[in-house]
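Student: Protein chains in written order, with UniProt numbering: chain A, 1 to 395; chain B, 1 to 563.
By construction, these hints were calculated from the structure, which means they are not laboratory data. Careful: at least some of the hints might be erroneous.
[To be verified] Below 27 Å or equal to it, Euclidean Cα-Cα: the simulated DSS-like pairs (lysine-lysine) are:
#1 A:311 / B:324
#2 B:324 / A:249
#3 B:80 / A:175
The primary structure of each chain is shown beneath.
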Amino acid sequence: MKMLLRFLQAFGLLLLASMATAEHTSNWAVLVSTSRFWFNYRHLANVLSLYRTVKRLGIPDSQIILMLPDDMACNPRNAFPGTVYSNADRAVDLYGDNIEVDYRGYEVTVENFIRLLTDRLDEDVPRSKRLGSDAGSNVLVYMTGHGGDQFLKFQDAEEIGAWDLADAFGQMWEKKRYHELLFMIDTCQANTMYTHFYSPNIIATGSSELDQSSYSHHADNDVGVAVIDRWTYYVLEFLETQVTSATSKLNLGDLFDSYDESKIHSQPGVRWDLFPGGEQEGRLRTVVDFFGNVQNVEVEDANATDPGSLKEDLAEIARLVEKWQKRDAEYSAILNSSQINKDQHSVHLAARKTVGPTRMVDGGSWSKRLVGVSVIGLCSAVWVAGLYLGRSVKA
Amino acid sequence: MSATQGDVKSLQAQDAPDAPKSVKRAPPPETSQAIYTRFKVIAAFWAVIIFLGFPIWWKTTSIYRAHLPIQDMLEWANGKTCRPVFPLEIHLMTPTMQLPESQHLLRTTQHALDDLNEFAAHHLRLKLVNDSSALNVEQREKASGTDAEEADIALTVRVLSQDDLPAPRSYLHAETTQLDIFYPPNQAPIPSSSNPPLSVFIAQELQQLYWEEKATIAHVLSGETGNLDSISPQLAESISRRFRRSMKYADTYHLSFSLFTPGSAPSSWDIEAAVQEYLAPLLNEFASISNFTIDTQVQLYASFSPMAPSPVFEETEAAWTLQKEDLSAFINAAEWPLNPSIGSGPTLNFILYVPSPSQSPLVVKENHASSWIVPQWGGVFLLNPPLSSDSTNPSHLSKDSLRPAFMTFSHQLLTLLGTPTTPSSLPLRLQALVRVRAASLLLSASSTMGSLARLTESLPSIPIPATVASSVSDTLSHLSAACTHMKHGRFSAALANARIAEIEAERSFFEKSMVGQVYFPDEHKIAVYLPLLGPIGVPLIVGLMKELKRIVATLKARRANAA
Numbered sequence: 001m002k003m004l005l006r007f008l009q010a011f012g013l014l015l016l017a018s019m020a021t022a023e024h025t026s027n028w029a030v031l032v033s034t035s036r037f038w039f040n041y042r043h044l045a046n047v048l049s050l051y052r053t054v055k056r057l058g059i060p061d062s063q064i065i066l067m068l069p070d071d072m073a074c075n076p077r078n079a080f081p082g083t084v085y086s087n088a089d090r091a092v093d094l095y096g097d098n099i100e101v102d103y104r105g106y107e108v109t110v111e112n113f114i115r116l117l118t119d120r121l122d123e124d125v126p127r128s129k130r131l132g133s134d135a136g137s138n139v140l141v142y143m144t145g146h147g148g149d150q151f152l153k154f155q156d157a158e159e160i161g162a163w164d165l166a167d168a169f170g171q172m173w174e175k176k177r178y179h180e181l182l183f184m185i186d187t188c189q190a191n192t193m194y195t196h197f198y199s200p201n202i203i204a205t206g207s208s209e210l211d212q213s214s215y216s217h218h219a220d221n222d223v224g225v226a227v228i229d230r231w232t233y234y235v236l237e238f239l240e241t242q243v244t245s246a247t248s249k250l251n252l253g254d255l256f257d258s259y260d261e262s263k264i265h266s267q268p269g270v271r272w273d274l275f276p277g278g279e280q281e282g283r284l285r286t287v288v289d290f291f292g293n294v295q296n297v298e299v300e301d302a303n304a305t306d307p308g309s310l311k312e313d314l315a316e317i318a319r320l321v322e323k324w325q326k327r328d329a330e331y332s333a334i335l336n337s338s339q340i341n342k343d344q345h346s347v348h349l350a351a352r353k354t355v356g357p358t359r360m361v362d363g364g365s366w367s368k369r370l371v372g373v374s375v376i377g378l379c380s381a382v383w384v385a386g387l388y389l390g391r392s393v394k395a
Numbered sequence: 001m002s003a004t005q006g007d008v009k010s011l012q013a014q015d016a017p018d019a020p021k022s023v024k025r026a027p028p029p030e031t032s033q034a035i036y037t038r039f040k041v042i043a044a045f046w047a048v049i050i051f052l053g054f055p056i057w058w059k060t061t062s063i064y065r066a067h068l069p070i071q072d073m074l075e076w077a078n079g080k081t082c083r084p085v086f087p088l089e090i091h092l093m094t095p096t097m098q099l100p101e102s103q104h105l106l107r108t109t110q111h112a113l114d115d116l117n118e119f120a121a122h123h124l125r126l127k128l129v130n131d132s133s134a135l136n137v138e139q140r141e142k143a144s145g146t147d148a149e150e151a152d153i154a155l156t157v158r159v160l161s162q163d164d165l166p167a168p169r170s171y172l173h174a175e176t177t178q179l180d181i182f183y184p185p186n187q188a189p190i191p192s193s194s195n196p197p198l199s200v201f202i203a204q205e206l207q208q209l210y211w212e213e214k215a216t217i218a219h220v221l222s223g224e225t226g227n228l229d230s231i232s233p234q235l236a237e238s239i240s241r242r243f244r245r246s247m248k249y250a251d252t253y254h255l256s257f258s259l260f261t262p263g264s265a266p267s268s269w270d271i272e273a274a275v276q277e278y279l280a281p282l283l284n285e286f287a288s289i290s291n292f293t294i295d296t297q298v299q300l301y302a303s304f305s306p307m308a309p310s311p312v313f314e315e316t317e318a319a320w321t322l323q324k325e326d327l328s329a330f331i332n333a334a335e336w337p338l339n340p341s342i343g344s345g346p347t348l349n350f351i352l353y354v355p356s357p358s359q360s361p362l363v364v365k366e367n368h369a370s371s372w373i374v375p376q377w378g379g380v381f382l383l384n385p386p387l388s389s390d391s392t393n394p395s396h397l398s399k400d401s402l403r404p405a406f407m408t409f410s411h412q413l414l415t416l417l418g419t420p421t422t423p424s425s426l427p428l429r430l431q432a433l434v435r436v437r438a439a440s441l442l443l444s445a446s447s448t449m450g451s452l453a454r455l456t457e458s459l460p461s462i463p464i465p466a467t468v469a470s471s472v473s474d475t476l477s478h479l480s481a482a483c484t485h486m487k488h489g490r491f492s493a494a495l496a497n498a499r500i501a502e503i504e505a506e507r508s509f510f511e512k513s514m515v516g517q518v519y520f521p522d523e524h525k526i527a528v529y530l531p532l533l534g535p536i537g538v539p540l541i542v543g544l545m546k547e548l549k550r551i552v553a554t555l556k557a558r559r560a561n562a563a
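Let the hints inform the model, and build the full structure from the sequences given.
Tutor: The following block contains the structure:
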């Protein structure tokens, strides 16, 4: 009878549960500027403004990958050394005291970017330079730079194609490296960059159509260059004025509806078709689903007694500790009586060996030298032989 | 192409002077020696191109793709090769019964168990052991652990008769894997009855014991969506919450213990002894599941972040309190040197915070708790040591004063590693965790294989080095070993194999050299090859065509002569 009741109860709840959408467990942001040099100040300012916003909304630095190909704050042309501003009023110093750049300068390459997304990195690459997202992570990817039809230029040296980007996201999806992904790009002809995406659960938005340029918003006369791009400016305006806290209920629909073509001077695009449920479902995702961070801290009630609660566990762990102590004591008693070192068998964690500096020993140096000498010897022998042969032929 | 032909024509025009227009003498005919030399030169060039240049180009531009057993990999991923099953072996001891009675009890209990069970993959197998010499469970555990052929003993049930009991009752030993069932002598099973109440009682007890584990495994096997029908909603919710907050499985976890305090004291703690005493036993129990590395740090003058709301003094409680909503901002991620990024495994952070004397004692407002878990990240414990007479914090934290903190950290570690909450015996919970981990690793390594197979097929231009092929074959062999072990109830061995399979699978998927720009538009190819091949190609092709023409002409002339 009890079982039957349980059946019914569970069945009802399952019906309810299946209707609720699955939620994500962590948030990651990948913010990439792809251009160098002083006159591209605005691209770094774009990225830094977004960095500031996601940090404000709760994504910790360890979950933000920031790629800056140049250091505007320390550029000799910067009239305000050590700072980066995205507005001529210079109210907010984006560089501040507290930014963590993960990839800087010439580290910002197409290869590193794709390696970052697909996690095909060396074992010794630190975790701060890795995208540690998993099947429960919502990932925000923001890119800005100079681009064209289906490509985005990296550092004036190379470019990433829309195909490569699509394949990188495809591999991420295969390996369950995201739950939902919001792709944002601010560059000329930006909307062509997401045309080749094929993996599900992606919402993509860009600043301009094919054959359209993306424009900068305004210049700061003292800095001497444009400080922010139009599309990013208006996205940020929405994020800063409307999404004021990490608990904001505004959704992506509101964000995309705030695009005003007369202000942006280009036609921003949104791609919904990869998202299950399409536009209808995608519009309902809140902005902080991607720009904020889930933080469900679980306070432990010291008085609760249900299974797995603090109290229960403490009792069990205490028993375990006691058991090992007893075992230790028994062992040492046995071992003491037989005059053996008692430390040998008790429970001990191996202390980590500290690795000191070691001398670099070039093992094969002599053999290498030998090879070099023999090669040179052989070459000169051939030359001398040729000399003699030529002479004898002439004669 | 037309330009090339034009060139050829003009060259021919020079070679064959126009007789009527020019009165000049024709150049002397080429000697056959010269023609032969020219033939040799052209042949030499083409020989170099065909036998050296072309193979080198082919070799350097071709993409090495090791052969992968795509079909096998896909079958693993689809679950066709291996259906994980969990036959748990339970030993039944009936020291107070006669052999036929106990055999009857075994049969009827097994029958009742099978009736109750609705999740076929996870079933309990009873086995009668009335070996009185082996009463010590732990010793027998060890003995069976060394024997590779025998199944792990999940539980030992001792059925004992006890006088003056109204109904059967059970007692679970918390520190061993032993369940005692006491029954009143008048309820001893009679061989004639088909469904004795004692059997039903034992079956229900066992079912309840493994209820959560079953639900968890069902959850793992079916993924997020499907679930077992009869799980109570609270249980389903608690399981999915456990999955949300627990860490993703890793072979090695890095534990980082940090002491933070806003002032200058306490500046030292008996951390080594505390870890050794309070944590080492637990980590030893976990040894078969994961490895752990530990580091510790003391950080003085650690202030809250400027954005975080500061604690509020509560008159009624005589304590400083933190709001529950503000706890997520408690950790000053920007300035506290956490997440040291050492090694390859994920880091679990445990923070011991000693508030400044002016803000002591510090507790969470809602329920006066002093600790909380940050899902998938770590735990925090607020330690309020007794202040000394001049109201300062003690400068040293002794091992005993660290006891509550480290016991809590142990509990948080259990939670973060995804240990099931029932039954209330730690060895049984860890056993359950072994099975759950083995199942999830088996599935994740299999699905990685599927991903790799699909990737290989969908991206024909990605290189696949030989190391990937060997990793894949390692993975597959360990997967099938794990599957066999599981089928025979040897879960520790299954987990050991699944761990290797998972590591190899990850290694094969994340192989460093399997990257690179995969797609090159045709314009790029032309742009690369044209500047190189244009200047070299034109004279070579022209020379070859001229030579061919000459050979054809001489052949024709020879045939005409012969005719």
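Student: Determine for every hint whether it applies to the structure shown.
Tutor: Hints, verified against the model:
| no. | hint | in the structure |
| --- | --- | --- |
| 1 | A:311 / B:324 | 20 Å, holds |
| 2 | B:324 / A:249 | 20 Å, holds |
| 3 | B:80 / A:175 | 20 Å, holds |
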